[in-house]
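Note that the protein sequences, when read in sequence, are chains A and B.
Counting from 1 along the first sequence, just add 18 to a position and that's the residue number in the numbering used here.
Counting from 1 along the second sequence, just add 32 to a position and that's the residue number in the numbering used here.
Treat the hints with caution; some may be incorrect.
[To be verified] In silico SDA-like links for lysine to any residue, alpha-carbon gap of 20 Å or less: (1) 366(A) with 112(B); (2) 214(B) with 414(B); (3) 349(A) with 64(B); (4) 472(B) with 455(B); (5) 349(A) with 163(B); (6) 316(B) with 102(B); (7) 104(B) with 361(A); (8) 349(A) with 161(B); (9) 110(B) with 392(A); (10) 160(B) with 360(A); (11) 398(A) with 126(B); (12) 110(B) with 382(A); (13) 290(B) with 398(A); (14) 349(A) with 290(B); (15) 397(A) with 126(B); (16) 110(B) with 389(A); (17) 167(B) with 361(A); (18) 290(B) with 466(A); (19) 349(A) with 214(B); (20) 349(A) with 455(B); (21) 366(A) with 104(B); (22) 465(B) with 480(B); (23) 397(A) with 57(B).
Simulated from the structure, these hints should not be mistaken for laboratory data.
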Amino acid sequence: MVIMCLEGGKMTNLLDLELIKIHELLKEGKIKPIDLVEECAQRIAASDLNAFINLDFEGARAQARALENKKVDNILFGIPIAIKDNIVTKGLATTCASKVLADYVSPFDAKVIEKLKEKNMIIVGKTNMDEFAMGGTGETSYFGPTKNPLNKAMSPGGSSSGSAAAVAGGLVPLALGSDTGGSIREPAAFCGLVGLNPTYGRVSRYGLIAFGSSLDQIGPLSRRVIENAHLFAAINGECQNDTTTASEKPFVVSDIENGKKYRIAVPNFCLTKVINADVVSVFLACLDKIKAAGHQVDFVELPYMKYAIPLYQVIALAEASSNLARFDGIKYGYQASQYDNYDDYVTKTRTIGFGTEVKRRIMVGTYLLSSENVDVYYKKALQVRRELSDEIRLAFQQYDLIVTPATVSTSLILGKDRNPNEIFLQDLLAIPFSMSGHPSLVMPVDKVDNNPIGLQIAGRYYDEKTIYAFALELEKNVRGDESV
Amino acid sequence: MYKPTIGMEIHVELKTAGKMFSPAPNEFSDKPNINVSFIDVALPGTLPKLNYQAVELALKAALAFNCKINQKMHFDRKSYFYLDLPKGYQITQYTTPIGYDGYVMIETDEGEKKIAIERIHIEEDTCKSIHEEEKTYLDYNRAGIPLIEIVTKPVIKNAQEAMAYLTKVREILRYLDVSDVKMEEGSMRCEANVSVSKTKKLGEKVEIKNVGSISYVGVAIDYEINRQIDILTSGGIVKPQTRRYVENKKATELLREKEAQNDYRYFPEPDLALIEISDDKIAKIQNIMPQLPDQLRQKYREVGINEPTIKALLSSKDLVLFFEEIYEEKTALVAAKYLISGVLKYLNKHNLCLSETRLGADDYKALINYKVAGELNDQQVQEVLIALLEGKGSLDENIAQIKDSNVDDEAEILEIIDEILAVNQEQVAAYKKGNDRMLKYFMGQIMQKTKGKVNPQKAQKLLLSRLS
């Protein structure tokens with residue numbers, strides 16, 4: 019338990035408190051939003067995590083001061099938040115951790131930013147990430163890698179590296195990340211956080227710089243399950259500017275029902291040799307706790323899960339190659355300074371502007387969509403995606419939830435040369451639900467050698483409430499405390 | 033003997049309030065970059081938002097061209113890099129065009145011919161690039177304007193057919209009110225794919241782009257056919273090229289060689305949901321579909337309106353809508369005649385369109401009824417018509433004025449008749465020998481003498497009484 023300190027009549031270490039406690043202090047007038055902002059500023063200034071690309075304390079302080087005259091009307095009121103740098107913010111640079119957008123300032127706010135502002139949350143800065151969200155360790159960032167606050171030699175995971183590191187490192191209480199094939203869930207697992215990839219279509223992508231459009235979702239990162247639910251509730255809902263959002267009734271925290279017993283499926287695939295033995299043993303121990311709590315746990319066969327990585331590589335990279343075509347130096351972003359003609363200009367702009375991993379993925383994606391390959395790879399992949407989705411949907415006819423380990427191992431060491439496939443592999447168990455569009459949440463369940471290990475809980479479409487209900491109960495169980 | 037084969041692709045801008053995927057206005061403007069939204073310049077984080085009005089207009093066109101409808105359709109991305117393509121891809125329809133397997137009937141020297149339409153699909157326009165010396169300027173007003181592309185099968189045999197086809201397509205689209213179809217403003221643009229061959233196997237095709245008018249399309253196609261035949265007869269080979277028409281040379285010239293088939297890397301647009309067009313929707317559009325020129329042409333022929341009049345009527349949508357408003361079978365012939373000899377002539381002379389005049393449909397209808405009832409003669413109808421077009425007096429006032437100035441007194445008319453008969457003794461004799469045509473001659477004389485201000489029926493009655 020964190021001890022709150024009084025220094026010269028001022029409360030400190032507010033950021034280590036749970037959201038509900040901070041909210042109570044704000045509501046009781048014992049602290050003001052500016053106190054939270056100042057603590058964020060101090061901690062970020064003292065931090066060597068490289069979690070942020072751009073900060074806006076001038077704006078944050080002004081907003082905090084302005085909030086002093088307003089009523090604390092919701093749990094997110096006056097709470098500082100960090101935003102992954104692929105979500106556009108009006109007036110505050112959005113770089114996607116790329117040279118190509120290093121100086122880009124959006125003239126509009128993403129839909130989720132509008133929603134956070136409606137709740138009077140305070141945006142303190144934009145977090146580091148893998149360039150264009152392409153990577154799993156944060157190391158492809160043009161602005162250098164982010165460190166894992168739990169062990170600075172390790173990666174916090176990626177691509178939402180800075181968002182996860184900032185929350186786990188106590189720099190901010192909450193952050194938004196984005197997930198295409200595990201980019202929220204993997205860093206949540208490696209940093210011991212709760213991270214949700216919502217149902218595809220739950221959260222507006224308007225203002226999220228696209229990577230794989232049919233997979234991308236914005237989601238919350240937090241230390242506690244209930245905090246995650248509060249942030250998710252704030253950002254979800256249909257959006258007129260994103261026609262892929264669903265007209266479904268938006269999630270609210272009061273939808274969560276306690277005390278239910280669930281039917282839970284565990285794919286046999288989770289126990290195969292691809293998954294690290296430590297991870298498997300933590301996972302099995304966790305399943306015992308779940309069973310002991312009175313839930314039904316069955317092992318099931320989901321044969322298409324094993325195709326997750328190649329499936330992801332085809333679908334996501336094909337879409338990425340198209341989504342990144344707009345960065346040609348004509349309208350915004352990095353511009354090559356010496357060139358012979360239009361073709362040369364675009365080639366140089368993109369060659370210099372994009373990093374190695376991004377270029378590799380664009381090239382692969384372009385190759386996959388070429389007329390001679392599109393049937394062999396892309397169309398085939400769409401077919402496999404349908405099969406996989408059907409298989410998962412079918413499982414959800416019998417089961418309320420599917421649980422798996424979050425990642426295939428614990429966090430990766432920074433600065434090591436590795437085969438890119440090793441990084442893709444971490445998302446083996448996250449990708450199937452991205453492909454089918456089902457919601458899934460990662461939460462910490464144990465540690466091995468001080469490295470956190472996460473559990474992934476997937477649910478039916480738009481049924482985040484059941485995931486949260488189950489996760490809240492499990493959180494109590496694994497933490498052994500009664501506080502929520 | 034080389035035979036040409038031609039396929040046409042027509043791009044038509046749809047007349048919507050907003051753009052295809054953004055709320056920016058779809059308006060023609062001389063000022064660059066004023067009708068532009070964040071979506072049109074492909075700012076990072078923007079997403080396309082479908083304009084359903086464009087889908088409805090495209091559906092209307094697809095139905096008018098007798099197409100089958102893809103009731104479950106989606107959009108695709110067509111990728112290539114070019115200055116004028118903000119996203120690096122164009123959102124279009126590749127695998128599920130809204131309409132397919134349609135046709136249009138055209139008239140040729142050998143009679144009616146069916147031109148098979150392969151597909152009609154919806155897509156967004158690119159921005160406009162203006163090249164000046166070293167510099168290129170980009171105008172995003174055009175970026176994202178909704179288009180339909182109408183593609184024929186390679187079934188057109190010569191320039192005349194191509195022109196007849198374009199004229200027909202333009203006429204139909206104008207009637208549907210889905211587009212301005214102004215070639216000079218670029219709201220209708222066409223490309224012709226021309227090849228020649230001695231055998232059934234088609235020759236290498238050459239694409240002629242963006243020709244500025246329908247008649248130029250004819251000239252360009254003729255030129256291109258001859259150019260290709262000349263190459264082949266002198267032992268050369270026709271290269272796959274894109275050429276453009278140069279007006280002052282009346283010739284096509286090379287724009288670019290077509291290298292290996294461009295790879296557009298089509299795939300379904302993931303940012304837009306699937307679109308379903310229900311049976312109800314189709315029925316609803318069919319219900320509000322205006323009568324198309326072919327239907328009207330048929331109807332007018334049946335009441336005996338002559339071909340030049342029909343052609344003149346159908347050439348102006350305003351005029352034909354006006355005609356339809358007052359249409360009655362028994363007066364149609366007369367009403368049509370004065371629309372052309374009176375109204376259209378006046379409009380052309382003063383360079384006006386019908387809505388710029390004061391002529392009302394009810395007045396016109398009443399005027400035609402006076403004529404049909406024999407109460408006005410030709411000249412009088414024309415006079416009243418001009419007055420009405422210019423807004424000089426009401427119909428009643430004009431009619432009253434004419435009646436006032438009419439030679440109506442029987443004694444006065446008889447006096448005139450007597451004068452005429454006195455100086456035309458030979459004709460009187462001929463009439464009495466049975467030459468009825470003389471009657472017409474006398475009537476003509478009477479009309480001339482009274483400057484047409486006599487009721488012709490009354491005059492004829494009195495004339496007959498004198499001749500008997």
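Hint-by-hint comparison with the structure:
Of the pairs offered as hints, the one joining residue 366(A) and residue 112(B) holds, with about 16 Å between alpha carbons and a cut-off of 20 Å not exceeded. Straight-line distance between C-alpha atoms of residue 214(B) and residue 414(B) comes to about 32 Å, which puts the hinted pair past the 20 Å bound. As the CA atoms of residue 349(A) and residue 64(B) are separated by approximately 15 Å, the hinted pair is consistent with the 20 Å bound. Distance check on the hinted pair: residue 472(B) and residue 455(B) sit about 16 Å apart at the alpha-carbon level, within 20 Å; holds.
For the hint pairing residue 349(A) with residue 163(B), the CA-to-CA distance comes to about 17 Å; that is within 20 Å, so the pair holds. Under the criterion of a C-alpha separation no larger than 20 Å, the hint pairing residue 316(B) with residue 102(B) is consistent with the structure, at around 16 Å. The straight-line distance between the Cα atoms of residue 104(B) and residue 361(A) is roughly 38 Å, outside the 20 Å bound, and the hint therefore fails. Note on residue 349(A) and residue 161(B): the hinted pairing holds, with a Cα-Cα distance of about 13 Å set against a maximum of 20 Å.
Note on residue 110(B) and residue 392(A): the hinted pairing holds, with a Cα-Cα distance of about 13 Å set against a maximum of 20 Å. As the CA atoms of residue 160(B) and residue 360(A) are separated by approximately 16 Å, the hinted pair is consistent with the 20 Å bound. About 18 Å separates the Cα atoms of residue 398(A) and residue 126(B), which keeps this hinted pair within 20 Å; it holds. This hinted pair checks out: residue 110(B) and residue 382(A) have alpha carbons roughly 17 Å apart, not beyond 20 Å.
At roughly 30 Å between alpha-carbon atoms, residue 290(B) and residue 398(A) are farther apart than 20 Å, so this suggested pair is violated. The suggested pairing of residue 349(A) with residue 290(B) is violated, with an alpha-carbon distance near 28 Å, which exceeds 20 Å. Taken as a hint, the residue 397(A) and residue 126(B) pair is honoured in the structure, with Cα atoms around 14 Å apart against an allowance of 20 Å. A hinted pair counts as satisfied when its Cα atoms are at most 20 Å apart, and residue 110(B) with residue 389(A) qualifies at roughly 12 Å.
Distance hint between residue 167(B) and residue 361(A) is fulfilled; the C-alpha atoms sit about 15 Å from each other, no more than 20 Å. Taken as a hint, the residue 290(B) and residue 466(A) pair is broken in the structure, with Cα atoms around 62 Å apart against an allowance of 20 Å. At most 20 Å may separate the alpha-carbon atoms for a hinted pair to count; residue 349(A) and residue 214(B) exceed this at roughly 30 Å. Distance hint between residue 349(A) and residue 455(B) is unfulfilled; the C-alpha atoms sit about 89 Å from each other, more than 20 Å.
Between residue 366(A) and residue 104(B), the direct Cα distance comes to roughly 41 Å. Violation of the 20 Å bound is thereby established for this hinted pair. Distance check on the hinted pair: residue 465(B) and residue 480(B) sit about 25 Å apart at the alpha-carbon level, beyond 20 Å; violated. Between the alpha carbons of residue 397(A) and residue 57(B) the distance comes to roughly 37 Å, so the proposed pair goes past 20 Å and is violated.
When held up to the earlier numbered hints, the structure conflicts with 2, 7, 13, 14, 18, 19, 20, 21, 22, 23 and fits the remainder.
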